[in-house]
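Trainee: Residue strings, one per chain:
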Amino acid sequence: MTETTVATPWIVEQRWDLTYQHTADEVTAHFLRTLRDEGRVLGITCPVCKRVLAPPRPICDRDFCRTDTDAWVELGSGGTLELFTIMHLAIQGLPAPPYVLAYVRPDGADTALPGFLEEIDLSSTESALAELQIGRRVEIVVRPSRSGRITDLYFRPAS
Amino acid sequence: MSTPVQQRPVAAIGVGQTRFGATKDAGTYVEMLHEAAHLALDASALTIDDIDAVVLALAPEALMGVNHAERWCVDFIGGRLKPVMRVQTGGATGLSAVQAGYHHVAAGLYDRVLVVGADRVRESGDAQKIFNKIWDPFYERDLPFTTITMIAMSAVRYMHRYGMTERQMARVSEKAHHNGALNPNAHIRREVSIEEVLESRYLAWPLKLLDACPQSAGGCAVVLSSAGAVDPSRHTPAWISGIAMAGDTYYIGDRLDPSHSARGFDYADAEALAVAADRAYAMAGISDPRAEVDAVETYASFSPVEIHNAEALGLADVGTAGPLFEEGFFDLDGEIPLNPSGGVLCTNPISVTAMVRFAEGVLQIQGRAGAHQVPDAKTVVATGAGGSHQFFNVAVLTSEQRT
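Here the protein sequences line up with chains A and B, keeping their order.
Just remember that the working numbering sits 4 ahead of the position in the first sequence, which is counted from 1.
Just remember that the working numbering sits 219 ahead of the position in the second sequence, which is counted from 1.
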């Protein structure tokens, strides 16, 4: 028998189906627990450079030191918009666009928190950009229903 | 920093690239490794028996879908009973693998090293599903961050600090596609106009579809040689006169205060690229890159990245590269051609994207770049970038031995 046609690709499907149980370090766990149970947003002070890290981490990347678990700082609800983008592309397994992702530096912190920037008019790029300027004031909002995840907080333009 | 010991000079003597294209049209992962390795060996007038050690460039294997895939790869890279290592620094992998091979030879351990890799970026349908998994599991993963949002936010910051326009970004893309159309190995080989770029749909503001790289498949390989193993009758060596790397913090939120940067850089800029470039230039004895560099192949997965990379590499003052792109300074026939191959905007097979930058630099030095050859290229810079715009490496290739 003679093959006379170009073979169509022979596809073999394989699947990775993995669930991971990530154990948080003590600092991260305290931040997420406090966020869920008390609705408060915490930073932590590096004992060497004195930067207030938000979100708090068990080490400071600048000084290569551990942070002290008694050096907690409660952050205010005000902050400054440092980075944003308006996402338009749909990606399987991720939320349906459009949405705004942002980094906001809370008052009293030296670094910025990631989160959704909500309550923006996304009907057009122009309407969204009218409310989106780096350096503008935003409010850090804690959702009424919380599960101990970073998405328990979000940002909205300060009125 | 320690005082460097005397290292042996190292040259790239041959490179191989498969035709890059869409994953569905490409060969299997391992066949592409084999093809690229053979092309590089042929270009070096060597066989696999002449190779002392092999370095495999394999970025996150979730892209190609076989875990611990160096097991599958070893026969196809000629690694049986040879020293074999695998290198992984995300998008920087291809140049990190070259750097590992460089150190093998420079240290005097081996005379000829094969560096080889491949990728099939759309094996799972969309690499961005996988890229969401590179973020911090506690603080960032629950948010839909991807490599697209990562670069979009850097571009927004750069616009804010330096006034970059979407038209300047589009000009970068027009230039890249013009060059890519001249490169027979490029994945995307068609010209696009500035207007087409500006009218293409937004992915993540301000990035549009035609500001973005494709998700490519293909393989690349490089043969590195000690000076003693270079045969002038067969080889046109491209000397690795400088090669260096710098990593940056995982946390984008920590890269927003210019007062914490010696250069006054923040997430708008590519600080670790600038640090790596300074190290590589110092090794190569380059004090004025604007005057001394003839061409650059830089890792820029979206058009605005070429703009801040040009500044981090010292080719333009900070905040001024956008207008220079508009003036044609970085065109193929401009003062310093940037990505004469079309760059990453035309071809992005992630594991080897940074190696392709290096391989294209070698071809430029050898005078073998064909229609996208930069005339009389004697000093060429190649860069890689990986992680959350986080791991950067820089190589300086020269036609003359400097080290």
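Honestly, the hints are just simulated from the structure, not real lab data.
Mixed in with the good hints, there may be bad ones.
Derived contacts from chain A toward chain B, CB cut-off under 7 Å, selection only [unchecked claim]: (1) ALA28; (2) THR32; (3) ASP65; (4) THR89; (5) THR115.
Keep in mind the model is a prediction, meaning the values are calculated, not measured.
No residue lacks a Cβ here, since even glycine has one placed at the ideal position from N, Cα and C.
Trainee: Next step is simple, just say for each hint if it's right about the structure.
Mentor: Now for the hints, and whether the structure bears them out:
no., hint, in the structure
1, ALA28, "5 Å, holds"
2, THR32, "5 Å, holds"
3, ASP65, "4 Å, holds"
4, THR89, "4 Å, holds"
5, THR115, "5 Å, holds"
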